[in-house]
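Let chain P serve as the given structure and place chain D on it in line with the hints.
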Amino acid sequence: MLPVKPIVLVIAAFYLLVIAAIGIWSLRRTRTASDFFIAGRGVGLIAMSLASMAAGISGFVFIGGPGLTYHYGIGTLWITFSGSFTTAMGCWVVGKRLRLLAEVRGVMTIPDAVAARFGNRAITGLSAFAILFGCVGYLGVQFQALGQISSLVFGMDFLTALLLSAGVVLFYSAAGGMIAGVYTDVFQGTIMVIASATTFFFAIHEAGGWTRISTALMQSRPEFLSPFGLLPAISVLSWYFVFSIGSLGQPHQIHKFYFLDDPRKLKWTPVTITLTQMLSVLIWMGIGVAVPALIAQGRLAPLSRADDASLVFLAKFTPDLLAGIVMAGILAAIMSTANSFLNIGAAALVRDLPQAFGWKCSNEFRWGRIVTIFLSVLAVIFVVAFSRQIAIVGTFAWGIFASAIVPVVALGLNWKRATRAGAAASLVTALTGNVVLESFARIGWLHLPIAVPAAIAMILSILVFIVVSFATRSGSGEEIAEDVRLVMKL
Amino acid sequence: MSSSAAENRVILAILLCCVILMIAVLIDLPMLFGAGTVCFTVAVIVIGAVKRGSLGPLRVPLAGLLVLLLISITAVIAMPADTDPSRLILGLPPRVALTLFGVWLAPLPIALLSYLLTFDSFTLTEGDLEQLRNCRNRTSAR
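First to last, the protein sequences are chains P and D. Numbering-wise (our numbering), the first sequence opens with residue 1387 and increments by one. Numbering-wise (our numbering), the second sequence opens with residue 41 and increments by one.
So that you can see chain P by itself, here it is in the shape it has in the complex (with noise of 0.2 Å):
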């Protein structure tokens, strides 16, 4: 598809090799379970908002995305949309509650979070499962992608491409935990930003423009231009409503606010995050959109797969160091996911569940790194023998994130009413609904349109969450600690 150019590799190389040096630098700084997985709560403004968004903008971006839009027409953009305002509702909603926490509490981890709130081990272990579930699928999801890209790049076979570069991400990830994470997402999140806006300018400017985009499109393809594109107008709305929503309830990016070194930098995060997040996704509508109107134009031949029209468009009409530049950024936006995935999974493990059921690891820190360890090298086995059930748990990932955490952290923090029972109930219908309708669905035992499940699973948690607790009174010993009614209060 792409043939390696000397130029592309040099880059690639070069970036594998700044990676590398940036875990070897985090490993004499990396000393505690604080420093492993919170980055010591020692980060400033810039550096917090490049590892969130870095961690929310996966390789998904650069490549499934503008396939989807080829395929569906620009209503897959509405993935995108609420990205303007979503992390301003974010602050508001759960980055406030959740670094005004960690001052009291010194909070770590998600669950933390709800222990605190609810105070009840089953929740904090239910609600560390679903994020474990999500982390495997997501984590799958990512070395597929990793291997996939990094074959293409360095004209390796998938297992020696896959290989190399999951081992680059272990070896940061494991020596210098999220002081190594945050770092190496700052390089990652700028190669990401200058790939996705230059490509976009280079991809509009490459098509003619908008109105030559807009005019060959309408005539050879009406529906692509229509705002809700080949899909139904429900679909295209209910992603619009799980990805805003949804975005409260993504540990990988919410546990990010307990990284911040003073709660006051909260009143820029909003600016910094959405400002680069909206940046580096310009990448989708770019190529999303010029690859379609290039073939209408008849400069380029139709598709046959519509994953490669990335990969198509920079191997066609960018010059090598563009391209070389997305693909290191493409890169970048795997490894960074996968980063904040190993992170928030180990601890889980490590932390979150062995509490759940009453026991206190002796060594997080150490155990930390065990446990990274572990999950990478079972991430690989999985991607290597069970390729296709990783991607079909991946594509459940953000739904359960969404269904699962929300109730309990975004709306369980902001209303005092809340009780335990309900945010248990909301947790157990997160993890079934999610399974059972997306399974029901590929099964074809359920006929819904693309992304309603997500949608109908998400809105049935939280309406179990609110129902069941106006249902139920608070239990004896449920009463709100008062650190946590002050955090709640402000």
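No lab work stands behind these hints: they were computed from the structure. Just to be clear, a hint being listed does not mean it is correct.
[What the hints assert, rightly or not] Not the full set, but computed from the structure, chain P residues with beta-carbon under 10 Å of chain D:
no., residue
1, Thr1466
2, Leu1652
3, Thr1655
4, Ser1855
5, Phe1856
Glycine included, each C-beta is placed from N, C-alpha and C at the ideal position.
For chain D alone, kept in the frame of chain P given last:
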């Protein structure tokens, strides 16, 4: 109004939105689903932003965000299909232009500026941080 009563009212609004969304998604009513999504989203922002039972200076911008998104999304759904390639706004068919500018870009300044401009005086004041420090000292002294 007490803060708990205000919270309960917003939660009831969210509950109502959930019911509306469920009905809309099950019987395929995009207009209702779109409007429900906007109301739901703004209600969730309100539950996070409300302080001591009041939205303070955020009342107007959040109302503005609600109105903007309601108008943009319902108009995108209601407008007729674009068929004339010579009728473009900034190079885009009118419905697409409305989607890009109304649904995607216009909420950006409202959300960011209202958050930024009210942060120090309302969202997290020095007094709030002082209360938090006192509380932490009290709890750690016990």
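Hint check:
1. Thr1466: holds (8 Å)
2. Leu1652: holds (7 Å)
3. Thr1655: holds (9 Å)
4. Ser1855: holds (8 Å)
5. Phe1856: Check passed: Cβ of P:Phe1856 comes within 8 Å of chain D, closer than 10 Å.
Every hint from the earlier list agrees with this structure, and none is contradicted.
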